[in-house]
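Visitor: Given next are the chains, with one letter for each unit.
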Amino acid sequence: MENKEREKMYACWLCSFPDIGSRQLHRLSEVCGGPEGVYLADRKKWREVLSEAQAERLKEYTGKWSLEEKYYEMLEEGIALVTFGEEGYPKRLRDIPDAPYCVFVRGRLPSEELPAVAVIGARECSEYGRYVAGELGAALGKLGAVVVSGMAKGIDGISQTAALEAGGFSLGVLGSGVDICYPAQNRRLYDQLAEKGALVSTYPSGTPARPHNFPPRNRIVSGMADAVVVVEARIKSGTLITVDMALEQGREVYVVPGRVTDRLSDGCNRLIRQGAGVFLNPESLFEEILQMGENKKKNIIKHKNVHKTSPEQKKEKAVPEHLSEELAQVYGVLDFSPKTLDEIGQALGGRYKEKQIISFVMQLCMEELALQISPGHFCLRG
Amino acid sequence: MYSTVFSGALQGVSAYLVSVEVDIANGLPAFLMVGSLGMEVKESRERVTVALKNVGLNMPPRRVTVNLSPADRRKEGTAFDLPIAVGILESMGMIPRGAADGILFLGELGLNGELKKARGVLPIVQAAAAGGIGQCIVPGVNAREAAVVPGMRVWEAGNILDILHFLLADPGERESMLSSVSVDTGALFMRAGDRENGGRPDFGEVTGQESARRAAEIAAAGFHNLLMVGPPGAGKSMIAKRIPGILPPLTLEESLEVTSVVSVAGLMGEGEALVTERPFRSPHHTISQAALIGGSIVPRPGMISLAHRGVLFLDELPEFQRIALDALRQPLEDRSVHISRVGGNVTYPSDFMLVCAMNPCPCGFYPDKNRCRCSRTQIGKYMGKVSGPILDRIDLCVELQSVEYASLRNGTKGESSADIRRRVEQARQIQKDRFQGTRYRFNGDIEASAIECYCMLREAEQRCMERLYTSLQLSARAYHRILRVARTIADLDEAEYIGTEHLMEAACYRPSLEYWSQGER
Numbered sequence: 001m002e003n004k005e006r007e008k009m010y011a012c013w014l015c016s017f018p019d020i021g022s023r024q025l026h027r028l029s030e031v032c033g034g035p036e037g038v039y040l041a042d043r044k045k046w047r048e049v050l051s052e053a054q055a056e057r058l059k060e061y062t063g064k065w066s067l068e069e070k071y072y073e074m075l076e077e078g079i080a081l082v083t084f085g086e087e088g089y090p091k092r093l094r095d096i097p098d099a100p101y102c103v104f105v106r107g108r109l110p111s112e113e114l115p116a117v118a119v120i121g122a123r124e125c126s127e128y129g130r131y132v133a134g135e136l137g138a139a140l141g142k143l144g145a146v147v148v149s150g151m152a153k154g155i156d157g158i159s160q161t162a163a164l165e166a167g168g169f170s171l172g173v174l175g176s177g178v179d180i181c182y183p184a185q186n187r188r189l190y191d192q193l194a195e196k197g198a199l200v201s202t203y204p205s206g207t208p209a210r211p212h213n214f215p216p217r218n219r220i221v222s223g224m225a226d227a228v229v230v231v232e233a234r235i236k237s238g239t240l241i242t243v244d245m246a247l248e249q250g251r252e253v254y255v256v257p258g259r260v261t262d263r264l265s266d267g268c269n270r271l272i273r274q275g276a277g278v279f280l281n282p283e284s285l286f287e288e289i290l291q292m293g294e295n296k297k298k299n300i301i302k303h304k305n306v307h308k309t310s311p312e313q314k315k316e317k318a319v320p321e322h323l324s325e326e327l328a329q330v331y332g333v334l335d336f337s338p339k340t341l342d343e344i345g346q347a348l349g350g351r352y353k354e355k356q357i358i359s360f361v362m363q364l365c366m367e368e369l370a371l372q373i374s375p376g377h378f379c380l381r382g
Numbered sequence: 001m002y003s004t005v006f007s008g009a010l011q012g013v014s015a016y017l018v019s020v021e022v023d024i025a026n027g028l029p030a031f032l033m034v035g036s037l038g039m040e041v042k043e044s045r046e047r048v049t050v051a052l053k054n055v056g057l058n059m060p061p062r063r064v065t066v067n068l069s070p071a072d073r074r075k076e077g078t079a080f081d082l083p084i085a086v087g088i089l090e091s092m093g094m095i096p097r098g099a100a101d102g103i104l105f106l107g108e109l110g111l112n113g114e115l116k117k118a119r120g121v122l123p124i125v126q127a128a129a130a131g132g133i134g135q136c137i138v139p140g141v142n143a144r145e146a147a148v149v150p151g152m153r154v155w156e157a158g159n160i161l162d163i164l165h166f167l168l169a170d171p172g173e174r175e176s177m178l179s180s181v182s183v184d185t186g187a188l189f190m191r192a193g194d195r196e197n198g199g200r201p202d203f204g205e206v207t208g209q210e211s212a213r214r215a216a217e218i219a220a221a222g223f224h225n226l227l228m229v230g231p232p233g234a235g236k237s238m239i240a241k242r243i244p245g246i247l248p249p250l251t252l253e254e255s256l257e258v259t260s261v262v263s264v265a266g267l268m269g270e271g272e273a274l275v276t277e278r279p280f281r282s283p284h285h286t287i288s289q290a291a292l293i294g295g296s297i298v299p300r301p302g303m304i305s306l307a308h309r310g311v312l313f314l315d316e317l318p319e320f321q322r323i324a325l326d327a328l329r330q331p332l333e334d335r336s337v338h339i340s341r342v343g344g345n346v347t348y349p350s351d352f353m354l355v356c357a358m359n360p361c362p363c364g365f366y367p368d369k370n371r372c373r374c375s376r377t378q379i380g381k382y383m384g385k386v387s388g389p390i391l392d393r394i395d396l397c398v399e400l401q402s403v404e405y406a407s408l409r410n411g412t413k414g415e416s417s418a419d420i421r422r423r424v425e426q427a428r429q430i431q432k433d434r435f436q437g438t439r440y441r442f443n444g445d446i447e448a449s450a451i452e453c454y455c456m457l458r459e460a461e462q463r464c465m466e467r468l469y470t471s472l473q474l475s476a477r478a479y480h481r482i483l484r485v486a487r488t489i490a491d492l493d494e495a496e497y498i499g500t501e502h503l504m505e506a507a508c509y510r511p512s513l514e515y516w517s518q519g520e521r
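Here the protein sequences line up with chains A and B, keeping their order. The opening residue of the first sequence carries number 1 in the working numbering; numbering runs sequentially from there. The opening residue of the second sequence carries number 1 in the working numbering; numbering runs sequentially from there.
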């Protein structure tokens, strides 16, 4: 067996031990001279890094572990392991404080040369968030940037799906083992990521998604990216943990501004006040990231003829063409926050009867321009 | 000596004649009762004995046998007390032979000989009239109810002694013994019409909520089931309570059906002759399946039958027990409910309009993301409590907004119930003409197989419907519902063909679970 392969086999053993922190892993490996060294070392050596209880458990764990079988099992499932010492270890992660000793990967990791942007936000997002996340993900995908996110419900999943659909590359960082799809609703995205993108986790396969796994996961999300874009966040939001991590790691933070009346944008607006960058459109974001990593720039395949479509432009353009005057008016009144029929009627200056307004908005729904989000609320389709 | 007296027993909401046979013979003193009797019928023995004794008529120490025929049908209720007592009196020779012939007796006896309220008087008296009996003696509180039946001479009695004197008297003198009661049903309806304007809650009191008023009107016109969604305090119950008021007034025939159910359930008011107002039943959400559908060991009509020809309002729909809601499916489909119990198989009518209300999510503010913080899972769970098959039977869904203070104060008064009812009646007349000679009565009844025939679309509308079908991702069921409702809206407009605007409005009111699962879109 090749030396490298052997080393990996031992790494698989060491990294699958659940009862050890990343820092201890680093030290243990250092003290014993690599995973194989750890495996062969005696308990006394372990005790230099580990507590008595940990050493006891490691011994017990080692007794049950069959090196080759488990390693090939993992390979068969299409899961690869990259340790800190290896060349293939993501460069961006290497730089962050408390870098993980190893990452499990399903799919293939993107080229380090590509700029990577983390798109994060609320799970229960609004239609506005849905729209921005979708547009942003698709634009980044087209521009050739890697969309990094947590594959969660809401913003995360939407941006990643959009990126993949636009033919781009996306990286999902999981809070469970890479063989587990959490949340289960994102099965389709999970499969696509495994096939066309990559799934990354610091947890060994089989680890279920537990709440305490997610804050460390967030550290990897921001760690794998050059910049972080927050699409929607409430004032108390897990997303803001990721932002803190990103700042600690020296990543740029961009924020999608929202209306001051929207609770789902409160977290974003506060970040802007604290000095975060304001996201205007995907193109300018992309430029700024390119400028940041000056040295990477030359390696990028320049996409010419990039469609310059910011959300505002798109909206203005779509209105008039085939819609009648009245429908265009109604369309103009709608936005991404749900509006009632009454509110739409008032915005139109009370010119129309409720029956007519119903007819107008339903026609817009029929054109797939608007969305009936509840029996009495309408908004633009994101 | 042997005698026979007529009485009646209930079977569902209909009734059949029972002949109470009494025989007094020599032998060891005993009082035997036979004929598939329920507990309370057997207890009648004690009530009759003591009541007779207390009015000074001691039973002879002989062998008394009572048989209620037909003996193979189970009999319930306390209304057999009086006929048994009369039968005994006749067998004892206290009253002349044949004096009780051609008279139906109903009523419970008190221990002092007083006559008390009976259950199901109307259906029993109807059965008696059909069976050729021309007179009946009933307790005073039930007399007006019995008097509704045409061709029946109704005597009201308060005491067993009065009845004894009545039966002892010559036919010519009887009128001075008991008073005969008659009811003018025409006048009764007229008075109900007058009262409706004053007594009932009126739609004029509802400010704003245009969509909900409109949906209620459409639902009433086409007999569609309605679901109202809205935050607490938006006025869901307020609107529901006003729906019976915009339905056309009860006809005499309908009124008799409603009265029968109420009477069988024992819920008639004292001295009430007919139920002339459309029922509105609003059970609490803790109601059991048996109470909602009907049942218990001895079947009794449930809420759905009490709401027959009226409105059944289920507030806080997701809070109802799942089994109770699921049991609504068959009655909603068949417009009647079949109940099988040890006590027998019965069928109760249940032709009601279902009106439901619920909050859009556990906190009540969805889709206002600024106030609602329910997660998808929570909303999904909340909606999951309402079973799909029930939602499938609801044609219209409307959302109510919480009322702002300003509109409460300055709100112009809405249209009155009477105005809305005129339009509803007009639309119903159109439907009546359309469905002449078919088994359908309203657009809400049209089955999927007949949709093509009654809800025909012209070319432009057909195209419009196709686009709606794909863009709104409709199911076949939803498609049919939209067509049915569109037909009603067109009828309200007095339009011969369904137009695109009718389709649009109907589509806007379509009930769909998809609203609450948009996160997974």
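Rather than coming from a laboratory, the hints here were simulated on the basis of the structure. Nothing here was measured: the structure is a model prediction, and the numbers come from that model. Please note that the accuracy of each hint is not assured.
Said to hold, decoys possible - Calculated pairs, DSBU-like style, for lysine-lysine (alpha carbon to alpha carbon, straight line, at most 35 Å):
id, chain 1, residue 1, chain 2, residue 2
1, A, LYS355, B, LYS413
2, A, LYS91, A, LYS45
3, B, LYS53, B, LYS241
4, A, LYS355, B, LYS116
5, B, LYS381, B, LYS241
6, A, LYS59, A, LYS44
7, A, LYS236, B, LYS385
8, A, LYS355, B, LYS381
9, A, LYS196, A, LYS142
10, A, LYS59, B, LYS116
11, A, LYS153, A, LYS70
12, A, LYS153, B, LYS241
13, B, LYS385, A, LYS153
14, B, LYS116, A, LYS353
15, B, LYS116, A, LYS153
16, A, LYS236, B, LYS381
17, A, LYS45, A, LYS142
18, A, LYS59, B, LYS413
Visitor: Now, for every hint given, state plainly whether the structure supports it.
Guide: Against the structure, the hints come out as follows:
{"no.": "1", "hint": "A/LYS355 <-> B/LYS413", "result": "holds, 19 Å"}
{"no.": "2", "hint": "A/LYS91 <-> A/LYS45", "result": "holds, 31 Å"}
{"no.": "3", "hint": "B/LYS53 <-> B/LYS241", "result": "violated, 51 Å"}
{"no.": "4", "hint": "A/LYS355 <-> B/LYS116", "result": "violated, 56 Å"}
{"no.": "5", "hint": "B/LYS381 <-> B/LYS241", "result": "holds, 29 Å"}
{"no.": "6", "hint": "A/LYS59 <-> A/LYS44", "result": "holds, 12 Å"}
{"no.": "7", "hint": "A/LYS236 <-> B/LYS385", "result": "holds, 30 Å"}
{"no.": "8", "hint": "A/LYS355 <-> B/LYS381", "result": "holds, 33 Å"}
{"no.": "9", "hint": "A/LYS196 <-> A/LYS142", "result": "holds, 15 Å"}
{"no.": "10", "hint": "A/LYS59 <-> B/LYS116", "result": "violated, 88 Å"}
{"no.": "11", "hint": "A/LYS153 <-> A/LYS70", "result": "holds, 32 Å"}
{"no.": "12", "hint": "A/LYS153 <-> B/LYS241", "result": "violated, 41 Å"}
{"no.": "13", "hint": "B/LYS385 <-> A/LYS153", "result": "holds, 23 Å"}
{"no.": "14", "hint": "B/LYS116 <-> A/LYS353", "result": "violated, 59 Å"}
{"no.": "15", "hint": "B/LYS116 <-> A/LYS153", "result": "violated, 67 Å"}
{"no.": "16", "hint": "A/LYS236 <-> B/LYS381", "result": "holds, 24 Å"}
{"no.": "17", "hint": "A/LYS45 <-> A/LYS142", "result": "violated, 52 Å"}
{"no.": "18", "hint": "A/LYS59 <-> B/LYS413", "result": "violated, 81 Å"}
Hint check: violations occur at hints 3, 4, 10, 12, 14, 15, 17 and 18; the rest are consistent with the structure.
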